[in-house]
Amino acid sequence: MPSSTQIRIQSGSDISPETLKYLNERLATQSPREILEWAIDNLPNLYQTTAFGLTGLATVDIINKISIDRNQDHIVPLIFLDTLYHFKETIDLAKKCQDNYQVPLKIYKPIDCTNTAQFEREHGNKLWETDDDMYDYLVKVEPARRAYDELKVKSVITGRRRSQKGDREAIPILEIDGTGLIKLNPLAYWDYQQVWTYIRANEVPYNALVDQGYRSIGDWHSTKAPSSNGGSDERSGRWEGTQKTECGMHKDYFKMRAAFVAAKQKKQQQQKQQINPSVITASS
Numbered sequence: 001m002p003s004s005t006q007i008r009i010q011s012g013s014d015i016s017p018e019t020l021k022y023l024n025e026r027l028a029t030q031s032p033r034e035i036l037e038w039a040i041d042n043l044p045n046l047y048q049t050t051a052f053g054l055t056g057l058a059t060v061d062i063i064n065k066i067s068i069d070r071n072q073d074h075i076v077p078l079i080f081l082d083t084l085y086h087f088k089e090t091i092d093l094a095k096k097c098q099d100n101y102q103v104p105l106k107i108y109k110p111i112d113c114t115n116t117a118q119f120e121r122e123h124g125n126k127l128w129e130t131d132d133d134m135y136d137y138l139v140k141v142e143p144a145r146r147a148y149d150e151l152k153v154k155s156v157i158t159g160r161r162r163s164q165k166g167d168r169e170a171i172p173i174l175e176i177d178g179t180g181l182i183k184l185n186p187l188a189y190w191d192y193q194q195v196w197t198y199i200r201a202n203e204v205p206y207n208a209l210v211d212q213g214y215r216s217i218g219d220w221h222s223t224k225a226p227s228s229n230g231g232s233d234e235r236s237g238r239w240e241g242t243q244k245t246e247c248g249m250h251k252d253y254f255k256m257r258a259a260f261v262a263a264k265q266k267k268q269q270q271q272k273q274q275i276n277p278s279v280i281t282a283s284s
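In our numbering, the protein residues as written are 1 to 284.
Hints in this document: simulated from the structure, not taken from any laboratory. Hints are not guaranteed to be accurate.
Here are the simulated EDC-like pairs of lysine to aspartate or glutamate, each with C-alpha atoms no more than 20 Å apart in a straight line [unchecked claim]:
1. K106 x D73
2. K65 x E34
3. K106 x D61
4. K106 x D82
5. K109 x E150
6. K224 x D211
7. K21 x E169
8. K267 x E129
9. K266 x E129
10. K95 x D177
11. K109 x D219
12. K65 x E37
13. K106 x E142
14. K154 x D177
15. K224 x D132
16. K126 x E175
17. K264 x E142
18. K109 x E122
Turn these sequences into a full structure, and let the hints guide you.
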């Protein structure tokens with residue numbers, strides 16, 4: 001990486017819009033490995049968030065190769081958000097990658113829940129059908145923010161790519177979200193075939209569901225078997241029949257939190273009215 005991209009970064013606030021634009025222009029000319037080497041050397045408190053999709057797995061493997069070349073243990077720790085609704089194959093793969101790469105793996109679950117039974121006792125069955133935004137907040141957004149706070153994360157590596165389309169179609173390599181978190185998308189310019197070629201060429205462990213035709217794998221209830229007319233849309237099997245393209249992790253955090261708080265207050269009010277119907281009469 002040219003020395004002109006070596007800048008001292010302690011937080012997202014250190015990167016002005018002009019600097020961000022300049023860095024993205026320079027990083028766009030680099031390979032994923034060069035981008036990751038730059039990130040390791042320049043970004044503060046760097047972690048990788050992953051659900052062990054193909055892009056995330058390729059990234060783990062590249063970082064592992066960088067680590068070996070530098071005679072270090074795996075340099076970038078992983079954060080895995082266990083929603084409690086992952087496929088068994090995904091959970092198995094997380095353990096396999098941890099063992100294969102000897103990578104530090106930090107697992108975060110919905111607050112105060114260790115299994116689906118606990119989650120559903122607290123929030124009801126099939127929350128993703130009754131209040132999808134609340135579901136996303138509880139299983140992804142809140143655990144992620146808790147992880148960032150506890151681990152003092154300032155920069156994260158994601159597995160988003162432009163060829164995944166939807167909200168990802170124009171993502172840059174480097175971005176700063178509304179909370180000041182630095183996000184790096186090192187494979188942003190790779191397409192599915194490039195990722196898959198890397199996985200096979202480097203014998204990277206991958207989700208067994210890929211061999212059944214799955215390209216994008218999330219929670220079992222929002223991931224359907226790919227249809228024959230899915231075409232080139234890598235994420236056609238996710239949230240089938242809806243306009244949804246993201247789980248909340250890459251949406252405006254403050255809006256997600258505000259919506260969650262409002263929904264929670266409304267639910268609490270409804271519960272009070274069910275317990276004491278006179279509340280309605282008194283207030284009417």
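Outcome of the hint check:
no.: 1; hint: K106 x D73; result: holds (16 Å)
no.: 2; hint: K65 x E34; result: holds (12 Å)
no.: 3; hint: K106 x D61; result: holds (17 Å)
no.: 4; hint: K106 x D82; result: holds (10 Å)
no.: 5; hint: K109 x E150; result: holds (13 Å)
no.: 6; hint: K224 x D211; result: holds (14 Å)
no.: 7; hint: K21 x E169; result: holds (17 Å)
no.: 8; hint: K267 x E129; result: holds (16 Å)
no.: 9; hint: K266 x E129; result: holds (17 Å)
no.: 10; hint: K95 x D177; result: violated (30 Å)
no.: 11; hint: K109 x D219; result: holds (13 Å)
no.: 12; hint: K65 x E37; result: holds (11 Å)
no.: 13; hint: K106 x E142; result: holds (15 Å)
no.: 14; hint: K154 x D177; result: holds (11 Å)
no.: 15; hint: K224 x D132; result: holds (17 Å)
no.: 16; hint: K126 x E175; result: violated (33 Å)
no.: 17; hint: K264 x E142; result: holds (14 Å)
no.: 18; hint: K109 x E122; result: holds (14 Å)
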